[in-house]
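Hints given; two lone chains; assemble the complex.
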Amino acid sequence: MKALAQLLNEMLGAGVIADYAIFGAVAQMRYTQAMATLDADVLVGLPGTGGLVLLTPIYEFCAARGWRPEGEAIRVGDWPVQFVPVFSPLTAAAMREAEAGAVDGVPLRVVRADYLAVIALSVGRAKDQARILALLESQAVTPDQIAALAARHGLQDAWPRFRRRFLDG
Amino acid sequence: MDEAAVREMLERQAEWQRRRCQLSWADKLRQCVAMRASLRGFAKAPPAAKRQGG
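Protein sequences appear in the order of chains A and B.
Take the first sequence: its position 139, counted from the start at 1, is 139 in our numbering, and no numbers get skipped.
Heads up, our numbering is the position in the second sequence plus 1000, with the first residue counted as 1.
Any given hint could turn out to be false.
[Unchecked claim] Taking CB as the label site, the calculated pair distances span:
#: 1; chain 1: B; residue 1: R1040; chain 2: A; residue 2: N9; range: 26 to 36 Å
#: 2; chain 1: A; residue 1: K127; chain 2: B; residue 2: R1019; range: 20 to 30 Å
#: 3; chain 1: B; residue 1: S1038; chain 2: A; residue 2: G48; range: 37 to 47 Å
No wet-lab data here; the hints were simulated from the structure.
From the three backbone atoms N, C-alpha and C, an ideal C-beta is built for every residue, glycine too.
Extracted from the complex, chain B is given alone in its bound form (with noise of 0.2 Å):
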């Protein structure tokens, strides 16, 4: 990948998370307890899930 496509995939990434911050506060919020939820299903895999890609 050369240096042109990789500048234009991070604003791309950029532009992509301005778009983020503009949703309304109770949706990040809601998306906040989402996000809460998967981070306690990581903490609770097996042992032999969580070495996956280690």
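Only chain A is shown next, with the shape it has when bound in the complex (with noise of 0.2 Å):
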């Protein structure tokens, strides 16, 4: 992770990104504990973003380094790595507040736990799910600061069906 850490304030600096934000499970651990997931999920914004949504440049930059393509994503260290183009308000807000973490002293972004759970709640799978209550149980974000955020992004129905089905009596 030190490795992708280091990819990425590279490419930030190089301008071949705008801004990102480490997202998904390998976020969700900052707060609960360590879960096996296949792959580190990045929201990337993306210089001049009018038209098409091209990562070539990602790619390009990261094969310069030695960081090859694996199916959709590109290896880095241990880790295969999903650029993720910030697809909707709600991503979007996520990347632009997200928190300044680090893994082994290196400076890594990553979304706030908040947003983890109301993207999860957007997105609705079952592990979307667990992961909602895993950020619960762990103290790291509460029913308050969840249903505030749903509601200004959409989700103003999903927060009180979620809370209905897994939280309340």
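What follows is the structure in structure tokens.
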């Protein structure tokens, strides 16, 4: 993960990406116990976002440093990495408001717990529901924080449904 | 095993899980890499081994 942190910071410095933040299971593990996951997900903002969103500069930058594609990811050290351009106002805000974390002394921007929960709520698979419960159990986020953020992003109906199903009674 | 013993066992397990949450992020990510390697090992196990316990 240190190699990925260094790579992302270099990309940012070189202007290949305008911003980034780790999300998904890797970000979740800041708060919960370790879990098995296949890859690391990185939200990226690309410079000059008009028209087509192309990841080619990212792939070229990685290749120049010896990191090669592996399926739909790029292997960076121990981690297959999926670069995901921000795809909604929710993910754009999650990246913009990311926290400054660090791995083995290397700075790494990482999505906040409340955004992780609401992104999971918006996706809604069984594993996303489990992630919300784990974030709540670890007290990384409160139900009220999730409710407020969900309402700001048009998920005001999804949260009460989740709450009724998993938390109430 | 009576109910009290089961409850005590579950509480010990929950405490162990809470302690694992307190590890550093970097350590948890290293555990994750190790888990992935172990799972790959299971996937490559021969069919006879996969059936054990089934």
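Hint-by-hint comparison with the structure:
1. B:R1040 x A:N9: 26 to 36 Å: At 29 Å between Cβs, range holds.
2. A:K127 x B:R1019: 20 to 30 Å: Between K127 of chain A and R1019 of chain B, where Cβ atoms are some 24 Å apart, the hint holds.
3. B:S1038 x A:G48: 37 to 47 Å: 43 Å, holds
Checked against the numbered hints given earlier, this structure breaks none of them.
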